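Number of protein chains: 4
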Amino acid sequence: MSTLNPPELAEKVTSHGFSKAAGVRIAHLEPGKVELILPRRDDLLQFAGHFHGGVIAALADQAAGIAVTSKLPQGKIGVTVEFKVNFLASADGDEIIARAEAIQVGGTIGVATIEVFTKNENSERRCAFGTATMRAVDLPKAFS
Amino acid sequence: MSTLNPPELAEKVTSHGFSKAAGVRIAHLEPGKVELILPRRDDLLQFAGHFHGGVIAALADQAAGIAVTSKLPQGKIGVTVEFKVNFLASADGDEIIARAEAIQVGGTIGVATIEVFTKNENSERRCAFGTATMRAVDLPKAFS
Amino acid sequence: MSTLNPPELAEKVTSHGFSKAAGVRIAHLEPGKVELILPRRDDLLQFAGHFHGGVIAALADQAAGIAVTSKLPQGKIGVTVEFKVNFLASADGDEIIARAEAIQVGGTIGVATIEVFTKNENSERRCAFGTATMRAVDLPKAFS
Amino acid sequence: MSTLNPPELAEKVTSHGFSKAAGVRIAHLEPGKVELILPRRDDLLQFAGHFHGGVIAALADQAAGIAVTSKLPQGKIGVTVEFKVNFLASADGDEIIARAEAIQVGGTIGVATIEVFTKNENSERRCAFGTATMRAVDLPKAFS
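In order, the protein sequence lines correspond to chains A, B, C and D. The numbering used here applies: residue 3 is where the first sequence begins, and numbers increase by one. The numbering used here applies: residue 3 is where the second sequence begins, and numbers increase by one. The numbering used here applies: residue 3 is where the third sequence begins, and numbers increase by one. The numbering used here applies: residue 3 is where the fourth sequence begins, and numbers increase by one.
Don't read these hints as lab results, they were simulated from the structure. Treat the hints with care, since some could be wrong.
Note that identical chains are pooled: a pair holds if it fits in a single copy or bridges any two copies.
Calculated pairs, DSSO-like style, for lysine-lysine (alpha carbon to alpha carbon, straight line, at most 27 Å) [to be verified]:
| id | residue 1 | residue 2 |
| --- | --- | --- |
| 1 | 121 | 22 |
| 2 | 121 | 143 |
| 3 | 14 | 143 |
Predicted, not measured: the structure shown is a model, and the values here were computed from it.
Produce the entire structure from the sequences given, and follow the hints as far as they go.
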């Protein structure tokens with residue numbers, strides 16, 4: 003039986019592997035909603051010097067997973083069945099911010115929408131919009 | 003006017019930013035088709051020790067972009083309008099391989115499908131399937 | 003040169019083919035936003051007696067097209083590049099309502115999100131969520 | 003306990019509601035694969051006289067459901083979690099043909115890809131490509 007509450011679990015997930023290496027940070031978490039921030043770094047960009055579409059997608063995916071998981075019973079975690087991202091503007095800011103919201107969570111399936119913003123000193127604009135479908139699975143032992 | 007042919011351009015795109023840092027390698031390229039390989043590394047994984055869904059998506063996106071770009075006139079490059087990935091199995095292998103194919107390329111829009119495989123010493127199985135829509139834009143000066 | 007304004011064009015598109023035969027009605031239209039209603043009828047259902055997923059998708063697609071077109075220059079119409087729908091609940095109401103919003107419209111590409119609701123006498127709940135990518139093309143002569 | 007085998011179930015699903023009214027016909031069915039045909043009719047078109055994108059999506063969705071269901075245990079049916087369609091060419095033929103293939107079927111989730119072709123007397127070309135995610139549910143009593 004897991005004893006991790008949603009914020010602890012989100013923190014643990016975010017401090018692993020790609021997410022930790024990239025520098026993803028949880029800015030806000032409430033049941034069904036999360037905001038993740040990822041500061042610009044050269045190894046996160048594409049050929050034109052903007053955040054790489056795959057990195058934007060990775061942040062969106064991670065945010066969707068945390069948003070859905072925060073509405074699941076303790077001991078469960080959402081793993082991605084599929085996700086889809088539309089890119090709306092160049093992510094040329096100093097950081098990107100993904101805001102995910104779980105719009106439906108049932109027994110086995112959860113769905114989240116994600117808005118991603120690119121932020122400079124003076125402005126913030128939406129650069130991507132996504133949808134993700136998650137499946138609830140038992141947390142691995144190491145996480146409970 | 004660009005003087006880079008498709009293999010040179012693919013090489014140049016892959017040796018930048020996230021793609022270079024992650025270790026993406028072009029294994030095969032022909033007009034409309036590309037195979038990319040990404041070896042396992044701790045900073046590419048998620049909480050359970052498999053390739054991170056976002057990293058898989060990033061590789062798929064990059065493959066789609068190269069496949070579509072290889073069918074565009076020289077001087078043009080495909081940038082992602084949207085992409086969608088279904089995850090079919092845990093990507094727990096020593097490397098992942100993305101095989102993209104441009105299934106339609108018109109004046110401004112190109113579409114590619116991508117299969118991603120997870121490969122161990124003895125086996126290879128499909129772990130993801132995606133579709134990407136690309137838009138043709140002029141190559142940045144630095145790339146022509 | 004088209005002389006149809008957005009409401010006239012939306013009306014014309016809706017009074018054709020599938021849309022007319024199915025009984026789609028425009029409930030509201032403002033620049034970038036539209037609400038379409040489709041009342042229940044036996045030939046719009048699936049095996050279990052709910053609205054057919056394809057019919058829900060058709061309504062969502064049509065709404066997205068009208069929302070994006072309403073932000074394009076006169077003489078242009080949005081045709082669907084791709085769309086994606088998540089089904090969130092059984093569409094078992096007396097009618098379905100699609101509310102689309104254009105979240106980005108550029109020179110050649112527009113993107114809309116669509117919420118679909120199933121409505122009974124006493125309640126309304128979201129049954130689907132979608133995203134659509136449109137491409138601006140010249141209106142056929144018959145429509146200008 | 004259902005006594006319907008996959009072809010009987012596919013037939014039953016196809017002879018209901020929208021699918022029956024539109025005139026959908028099963029041309030081929032084997033485990034994991036199905037081909038559906040829909041002949042042109044005025045009430046299936048959009049403003050420009052081609053098959054309506056929503057109708058193409060409906061046929062793709064139906065094909066995906068049958069392909070996945072044919073790989074499920076008897077007594078189960080696949081209902082759509084989400085689907086995504088890219089439109090590749092005008093569907094201006096005398097009929098459209100959807101060929102779906104289940105690419106992964108697990109305990110609760112199945113995924114199918116769908117190619118849709120537009121066919122004239124002398125030619126056939128791909129006009130759409132889609133992916134669908136299905137969830138296995140118990141067949142309604144009326145169907146077992």
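Checked hints:
1. 121 / 22: Answer is both; intra-copy 21 Å and inter-copy 24 Å each pass.
2. 121 / 143: between (38 Å within a copy, 25 Å between copies)
3. 14 / 143: For residue 14 and residue 143, the Cα distance is within 27 Å only inside one copy (13 Å; across copies 43 Å).
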